[in-house]
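S.K.: When you get a sec, could you build the whole thing from the sequences and use the hints?
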Amino acid sequence: MITFERVSKRYDEGHDALRDVSVTIGRDELVFLTGHSGAGKSTLLRLIMLMDRPTRGRVLVDGRDLASVKPRGVPRHRRGIGVVFQNHRLLDDRTVYDNVALPLVIAGCEHREVGRRVRAALDKVGLLDRERAMPVTLSGGEQQRVGIARAVVGKPQVLLADEPTGNLDPALSAEIMQLFEEFNQVGVTVLIASHDLVLISRLHHRIITLRNGRLVGGSSS
Amino acid sequence: MGRRGRGRGTAERGAAVRRAGPRAAQGRRREGASLSRTGWRDRYRAWLHHHRLSAADSLARVLDNATASVLTWLVLGIALALPVGLNSLLHNVGQLSAKWDTRAQISLFLQDGVAIEQARQLQSSVAQRADVAQAVLVSREQALEEFGALSGFADVLDSLEQNPLPHLLLVSPLESLDADAIAALRDALQAAPGAARAVLDMQWLQRLNALLALARRLLLTLGVVLVVGVVLILGNTIRLAIENRRDEIVIVKLVGGSDAFVRRPFLYTGLWFGVGGGLCAALLVGLALWFLQAPMASLAALYDSDFQLRGPGVMGALNLVVLGGLLGLAGAWLAVARHLANIEPR
Chain A
7 MITFERVSKR YDEGHDALRD VSVTIGRDEL VFLTGHSGAG KSTLLRLIML
57 MDRPTRGRVL VDGRDLASVK PRGVPRHRRG IGVVFQNHRL LDDRTVYDNV
107 ALPLVIAGCE HREVGRRVRA ALDKVGLLDR ERAMPVTLSG GEQQRVGIAR
157 AVVGKPQVLL ADEPTGNLDP ALSAEIMQLF EEFNQVGVTV LIASHDLVLI
207 SRLHHRIITL RNGRLVGGSS S
Chain B
12 MGRRGRGRGT AERGAAVRRA GPRAAQGRRR EGASLSRTGW RDRYRAWLHH
62 HRLSAADSLA RVLDNATASV LTWLVLGIAL ALPVGLNSLL HNVGQLSAKW
112 DTRAQISLFL QDGVAIEQAR QLQSSVAQRA DVAQAVLVSR EQALEEFGAL
162 SGFADVLDSL EQNPLPHLLL VSPLESLDAD AIAALRDALQ AAPGAARAVL
212 DMQWLQRLNA LLALARRLLL TLGVVLVVGV VLILGNTIRL AIENRRDEIV
262 IVKLVGGSDA FVRRPFLYTG LWFGVGGGLC AALLVGLALW FLQAPMASLA
312 ALYDSDFQLR GPGVMGALNL VVLGGLLGLA GAWLAVARHL ANIEPR
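One line per chain: the protein sequences are A and B, in this order.
Position in the first sequence counted from 1, then plus 6, gives you this note's numbering.
Position in the second sequence counted from 1, then plus 11, gives you this note's numbering.
Treat the hints with care, as some may be off.
In silico DMTMM-like pairs for lysine to aspartate or glutamate, Cα to Cα no more than 25 angstroms straight-line [unchecked claim]: (1) A/Lys130 / A/Glu119; (2) A/Lys76 / B/Glu157; (3) A/Lys130 / A/Glu148; (4) A/Lys130 / A/Glu35; (5) A/Lys76 / B/Glu355; (6) A/Lys76 / B/Asp270; (7) A/Lys76 / A/Asp58; (8) A/Lys130 / A/Asp58; (9) A/Lys130 / A/Asp34; (10) A/Lys130 / A/Asp98; (11) A/Lys76 / A/Asp26; (12) A/Lys76 / B/Asp75.
Cβ-Cβ distance ranges computed for the label pairs, FRET-style [as the list claims (entries may be wrong)]: (13) A/Asp34 / B/Val333: 55 to 63 angstroms; (14) B/Asp75 / A/His210: 48 to 56 angstroms; (15) A/Gly172 / B/Leu233: 55 to 63 angstroms.
Negatives, chain A to chain B, calculated, CB over 12 angstroms [as the list claims (entries may be wrong)]: (16) Glu11; (17) Arg82; (18) Asp129; (19) Gly160.
Derived from the structure by calculation, the hints contain no laboratory data.
Here a beta-carbon is modelled for each residue, glycine too, at the ideal position from N, C-alpha and C.
M.R.: See the structure below:
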């Protein structure tokens, strides 16, 4: 589903974020991406999101070389990928419902369909009764679940998460990870960047490790 | 374009799935649930829906910030009202001078030695000309009398040994003559036997018209400058709105919002500011003209005229609102084109 072929990324200031990374993540897989901060986890996710382009090498998503995606095509590419951020990145002046509905509104989904899907997604993350709430009134764990609902409401084939449990206590973190596992079980490719080794080693999924931009483990399953 | 193409693609895929039967349908299950299933009609409806949503949301934001918005509207209103109001005034004055145009008169002074009988002959021959409406003879005696009465120098004039004034023919051209024809008539009269000098009493009118033309040109310059100002003010307002919502823009772009999607609410914000500014301008012009109406009427009465100030009217006000809206869109477009592209998820 996601393939990196000898990908390097050097930033303008000369910092090598990724060096010669080759890795393949299959359909229906759930993979953890780990390493110290600055090891290149975020860069790898950014390349999949087309927030950055690789300096060398190829990135393929669903068999499509991302180099062929022109700037105009970037929004559509992103619509096919669900993303969960560490700091939630919710719209603070909109209700939970509106936040989750955003990807569907962007995609031009029909009005009733939006309501149906948003409620299904909120139900899935256990926040159906909070759809009228504003994000700031929610706890950190609840906000993260709103973020997850927003990421999955468009039923993407790929779900990326950048330190989704970074600010949560272990019990909440485990809950969030379980949610990701459930999505993976219905066929979504899930890639989670996390440095919570204790948690992820308990979960028995493939773990990709990056160190100073190089792949040091987990390149094949 | 891209959206439509995509919609058609899915429709074809749907048809293919129906033909291929359950196996393919199974493969489609996962992808079919994705966003691309909506047809172009639904997309069009959703697009319209988002326009409505953006328009309403932008209006709500503009109204929420009532004080700041009213100030912006007033600034735009004044900037638009100034040229429009002045133009209205100029238009009125122009119409007034157009009325006066038809009352041109040529004063034909006769040579000193011309006798009164000769003058009468000339008068009747001039009056018969096709381009002359009327020719009135003012004899030198009449003229002296009139002058004495009007100037108050009657005593002084009486003491003169001889009358210094010549006979005078007051010639009114036909009302249908234009300025060139009147000038030609004057030249012809000047060349008549016994004529000393033909003076066209239109110089002041020509000066007025030249002044009006200059004023119009100045007004046009002022108008262009102010319109550019309006666009820049709006551009700056929208730029601030964009800065205020930077985080939101980043998030929308991250979850796949296209540039058009991100742009839309800001264009509507510009539109609302512009429309509000246009309304303000129409109100200001109306108020100013109403304020001038009474003194203008009494001034006109002094000149024996039924002249009335004419405002831009309902259509003019509507035009102002439309113009304001267009300028708002232009300003917003300027700001959006310059600043939105710079905001990318980092």
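S.K.: Check the structure against each numbered hint from earlier and tell me which ones fail, lowest number first.
M.R.: Per hint list: 2, 8, 12, 17 and 19 violated.
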